[in-house]
Amino acid sequence: MKKIILAASAIALMSGAAFASSAEGVVAKFDPAVRVITLESGQSYSVPRDVAIPSIQTGEKVSIQLNDEGDKVQGVLR
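Quick note, the sequence shown lines up with residues -20 to -1, 1 to 58 if you use mature numbering (1 follows the signal peptide of the UniProt record, and there is no 0).
Derived from the structure by calculation, the hints contain no laboratory data.
All figures in this text were calculated on a predicted structure; none of them were measured in a lab.
Each hint should be verified, as a subset may be incorrect.
Said to hold, decoys possible - Below, simulated DSS-like cross-link-like pairs (lysine-lysine); rule was C-alpha separation at most 25 Å, straight line:
| # | residue 1 | residue 2 |
| --- | --- | --- |
| 1 | 41 | 52 |
| 2 | 41 | 9 |
| 3 | 9 | 52 |
Required output: the full structure, derived from the provided sequences and hints.
As structure tokens, this is what we get:
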């Protein structure tokens, strides 16, 4: 029984990390001067200078790739 619980816990932790590695949404605002993308959900992401940002417009759907901890943007995809 303990093995089943441990296996289920491990799977739950791994799948949770997969969800934390990206965010998707529609761009509500993009300020290229400070490199901040705000989604319609209200979430804002500051994009580091070493990460390329494609040409994005308000109303476009984007996927924001995050590091494993979910606290640093590693990529922006349209």
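These are the hints, each one checked on the structure:
About 19 Å separates the Cα atoms of residue 41 and residue 52, which keeps this hinted pair within 25 Å; it holds. As the CA atoms of residue 41 and residue 9 are separated by approximately 12 Å, the hinted pair is consistent with the 25 Å bound. Restraint check for residue 9 and residue 52: satisfied, since their Cα atoms lie roughly 19 Å apart, inside the 25 Å limit.
Hint check: no violations occur; every hint is consistent with the structure.
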